[in-house]
Every structure is written in C-alpha cells, then in structure tokens.
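Colleague: What follows is each chain in one-letter form.
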Amino acid sequence: MPPDRVLLLVATRKGAFIIRTDSAREHFAIDGPHFLGHTIHHMRLDPRDGNTILMAARTGHLGPTVFRSHDFGKTWKEAQRPPQFPKAAQGARQRTVDHVFWLTPGHASEPGVWYAGTSPQGLFRSEDGGQTWEGVRGFNDHPLYEKWVGGDQDGTPDGPKTHSILVDPRNPRRMYFGLSGGGVFVSDDQGADWRPMNRGSRADFFPDPLPEYGQDPHCMALHPLKPDRLYQQNHCGIYRLDRPDETWVRIGENMPADVGDIGFPVVLHPRDPDTVWVFPMDGSDVWPRVSPGGKPAVYMSRDAGRRWQRQDRGLPREQAWFTVMRQAFSADALDPVGLYFGTTAGALWASADEGASWRCPVPHLPEIFAVAAETL
Amino acid sequence: MSTGTVEVRLAALLHSYTRGARVVHAPGATLGEVFDALDERYPGIRFRIVDEQDRMRRHVRVFVNGADARDLATPLADGDKLYIVGALSGG
Chain A
1 MPPDRVLLLV ATRKGAFIIR TDSAREHFAI DGPHFLGHTI HHMRLDPRDG NTILMAARTG
61 HLGPTVFRSH DFGKTWKEAQ RPPQFPKAAQ GARQRTVDHV FWLTPGHASE PGVWYAGTSP
121 QGLFRSEDGG QTWEGVRGFN DHPLYEKWVG GDQDGTPDGP KTHSILVDPR NPRRMYFGLS
181 GGGVFVSDDQ GADWRPMNRG SRADFFPDPL PEYGQDPHCM ALHPLKPDRL YQQNHCGIYR
241 LDRPDETWVR IGENMPADVG DIGFPVVLHP RDPDTVWVFP MDGSDVWPRV SPGGKPAVYM
301 SRDAGRRWQR QDRGLPREQA WFTVMRQAFS ADALDPVGLY FGTTAGALWA SADEGASWRC
361 PVPHLPEIFA VAAETL
Chain B
377 MSTGTVEVRL AALLHSYTRG ARVVHAPGAT LGEVFDALDE RYPGIRFRIV DEQDRMRRHV
437 RVFVNGADAR DLATPLADGD KLYIVGALSG G
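So the protein sequences, as listed, match chains A and B. Heads up: the first sequence begins at 1 in this note's numbering, then just goes up one per residue. Heads up: the second sequence begins at 377 in this note's numbering, then just goes up one per residue.
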C-alpha cells in the first residue's frame, strides 16, 4: 500500500506534539503535549524501522538529554548516555553540551546509527538507536576545531550550533553538516576527518566576506535522488551546489529585491531535485527576522533557483510578523506534496497542494522550534 | 573517611526519576559520591543536575543542611540533609 499518512513531529519550547493527518491533509489530530514544560529542539522518526522516534530535550533547569519511543510516543525512555563532551584535562577548554539541537537518522545500511548536533558545536553518534552516544572525535577533537567554531560571539543568540547533518544515501562515509557559525563541512570518511566547503558563500559580517570558513549556513538539505545537489539557506543568501563542483551558486539573487534571500529553513521536494521552498525573513538593518513587510509568504522554485514564485494564498495579507525557525518547515512525501511550517508564535500552517494554498489547522501551540513531516 | 547516609529532598522537577518520591536516602562521603549513588538507583538523574565537567547546572541549586553547595568534593556526614531545587529560570 502506498504511504497515505503523515506524522508531524512538532518540537516546541514547552513540549512535544505528535500530529497525525491523512492523505487529504484536512484533519489534524493532536497527540500531546508530551513532556509539557520541557524544551524540545528536534524530533525525528527512524525511516529504517518506521516506529522509533528520537527527541532532543532539556528543561530550563535540567541538563540536555535524548528520549526515544518505540510506540509513537505512548512511552518514552531516556538515553543511558546522552551526548556529552569528555571531561577536560586540567587547563583545557571545558566544553559542556548545553542542548542537543539536531537529530539525523544514519544511513539506510546502518540500522541503529544516529547522529546528533549540539550547542555548542559538537557532533555525536549513536550505534544503538540513541541509547548511548559518543563524540565524533574527527570533528570534536579536530586540530582546527577552535578556529572553525570561533568564539561564543560567532553563534546564534541561543548559542552556537551544529545542524543539517546529512548522510549521502549512496555512501554512508560521505557526510555534511553546518555550523552556525562556522560554515559547511564535508567528510569522506564517515567523520574521521572534515574540511570546510564554503567557496562562493558569503559572510558579509566579516572583513573578508568570502572566507574559507566562518559562514553562517542556517539550513542545508541534500536531495535524496540527486545526492550531489545541495541547497543552503544561509545568513547571507540562498545557494545551490552541484558537486563535484565546490563553489556555491547564489540562487537567491533571483529572488525579488524587496523580499531578499534571507531566511532560516530550506525544504526540498521528495521527487524533484529542481523544486525548492524557502521562507524569507527580513534581514535588513538590525535583522528583525520576521516576514518582510509583515506579509508572510513561502517562495518556491521549480527550476533549481533560477526563478522564484510567491506562494501566499491563505496566509495573512498584512500585519503578520512570522518567524519560522530552520527546523520548522518540512515536506511530506505524498503526491501532491504537503508542506508544513510552524511559527515562533505557535501556529502550525499546512498546504496540501505543494504550497499553492495554505491554512492554519493548529493555531495555538507554544513557540515552535521544529516540524518534521514523516510519511507513513 | 567513613561513608554515611544522607537524606536527599528533591524538587518536583526530579520526581520523574524517583518515581514520585520526594525524599530519598543515598550513601556518600561527598556530594559527588551521593550523586553517583543516586544515578545508580535513578539512571540519568546525575547528568541532568551535574554537567560533564562536574559542574552543577546553572539553574540547579543544592543545599547541604541549608548551606549552598556547588563543589562535588563537599564533604558529607551521616544524617546530613541535601536539598536539590530548581533555581530561577523561566519565561
């Protein structure tokens, strides 16, 4: 039977929600809150077994951890060893994981393998389905780590982050991630070594706007059917990369000038590597990070970023100052593709027609950090 | 140093670990040993309170017989009373 159900894993500042919808994407059944009052940064379903959910959590008081469920959230178990840096030698920098920010299931050939990105920047790997986590030393202890990650001022207001951990579906040894700040990095040996891959992407906040590393890639995605194609929504523009080329092309220059090409998320079509969606925000003067002009809109390109089309039918026409975080925009795998984004004001918006029209089926959640559309 | 048993009074934010118990007892000659003992009995509880560099989490406070304690080497005596609470944090 073809997939006909969608699970929306919604992570908020005050707990987690599991929202179910069907192929019509008309009815949305909310299950939750799970862990009310906990700060949930990310939740993902394991596509390899179809029933394991991992959740990155902390509270205002308590340290960071990972929970996992094998029954779609009926019961949760805490990791035996959550991601954590090793105890520092005397005099060395004492790194502590403030929160787990990003979760990525590993390659299809490696059941049980997961990756986690943390704040401050760290990469962690689990080989037992998220029960125990070890640091990926090839990055966390890389001789250039300190240079790559910079100082505290190089991170987001909520701390510097490792995100967008991507595994090439053809080859589990090829991996990518983004550092905010720090840039995009690639490994060809499953994390044993890393190198920056930022040529062409700008860092307008530095004296040299085209450095080797130090950029702020807000979100990066790799197309599963064309894994040499990557898209990136950066602090300084929207980019595409078609490897083996290693120079990012600024496809955001084709966006309308009065909207610009600043934003947090980037979302891909599951079957068409040329289709991409972004959610522009105002990156002018003091960086309001809200919808430009108070008129929220999704922008879609059907030709890999050469031309962009505004998609705002159903969205408020004025005085709507949305912020959509980098993990809070997601696509399902149905046909036509369903799109979902959550705002920091707690509204979950949905489109059942690839962005042509939008409605808000779940308007009153807490501040939304992440939405992952998982197709069952 | 002999190992005594201390009384540990836990704020509600930790009751999910102790299956609802507000007061538990644990052996230990130092604060660190008590946290180790608690973690053995209630897996995961230590890392929520103490980070990987053995520092108390920023928004957790521990009192020993009413006095603020932040060092895991803090010595404890049999019958001491520990109080673990969430400090101010919110919004």
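Watch out, some of these pointers could steer you wrong.
[Stated by the list, open to error] Here are some of the chain B residues that sit facing chain A, going by a computed Cβ distance under 7 Å: (1) T379; (2) E416; (3) G420; (4) F423; (5) R424; (6) D427.
[As the list claims (entries may be wrong)] Chain A residues, not near chain B, derived (Cβ > 12 Å throughout): (7) G37; (8) H38; (9) G138; (10) G151; (11) G155; (12) P172; (13) Q190; (14) D228; (15) R271; (16) P273; (17) M300; (18) A320; (19) A356.
Hints listed in this document are in silico derivations from the structure and should not be mistaken for laboratory results. Just so you know, even glycine gets a beta-carbon here, dropped at the ideal spot from N, CA and C.
Colleague: Just want to verify: A:D228 was marked as not at the interface with chain B; is every Cβ pair farther apart than 12 Å?
Modeller: With a cut-off of 12 Å, A:D228 remains clear of chain B, as the shortest Cβ separation is near 38 Å.
Colleague: Please check whether the beta-carbon of A:G37 is more than 12 Å away from every beta-carbon in chain B.
Modeller: violated (9 Å)
Colleague: With 12 Å as the threshold, tell me whether A:P172 passes as away from chain B on beta-carbon distances.
Modeller: Holds, because the least Cβ-Cβ distance between A:P172 and chain B comes to about 28 Å, which exceeds 12 Å.
Colleague: Taking 12 Å as the cut and beta carbons as the points, is A:H38 off the interface with chain B?
Modeller: Not fine: 10 Å to the nearest Cβ puts A:H38 too close to chain B.
Colleague: Would you say A:A320 is clear of chain B, with no C-beta pair closer than or equal to 12 Å?
Modeller: The assertion about A:A320 holds, with a minimum of 23 Å to chain B.
Colleague: Would the least Cβ to Cβ distance between A:G151 and chain B come out above 12 Å?
Modeller: Non-interface label stands for A:G151: nearest chain B Cβ at 18 Å, farther than 12 Å.
Colleague: How about B:E416: closest beta carbon in chain A under 7 Å, or not?
Modeller: With a minimum Cβ separation of about 12 Å from chain A (threshold 7 Å), the hint on B:E416 is violated.
Colleague: Can B:R424 be said to touch chain A, with a Cβ gap under 7 Å?
Modeller: At 4 Å from the nearest chain A Cβ, B:R424 passes the 7 Å test, so the hint holds.
Colleague: Does the closest beta carbon of chain A sit nearer than 7 Å to the beta carbon of B:F423?
Modeller: holds (5 Å)
Colleague: Quick check for students: does the CB of A:A356 sit more than 12 Å from each CB in chain B?
Modeller: A:A356 is indeed farther than 12 Å from all Cβ atoms of chain B, at 38 Å.
Colleague: So, B:D427 near chain A? Judge it on the closest CB pair being under 7 Å.
Modeller: holds (4 Å)
Colleague: Measuring Cβ to Cβ, find out whether A:Q190 lies farther than 12 Å from everything in chain B.
Modeller: The claim stands: A:Q190 keeps its Cβ more than 12 Å from every Cβ of chain B (closest is about 24 Å).
When held up to the earlier numbered hints, the structure conflicts with 1, 2, 7 and 8 and fits the remainder.
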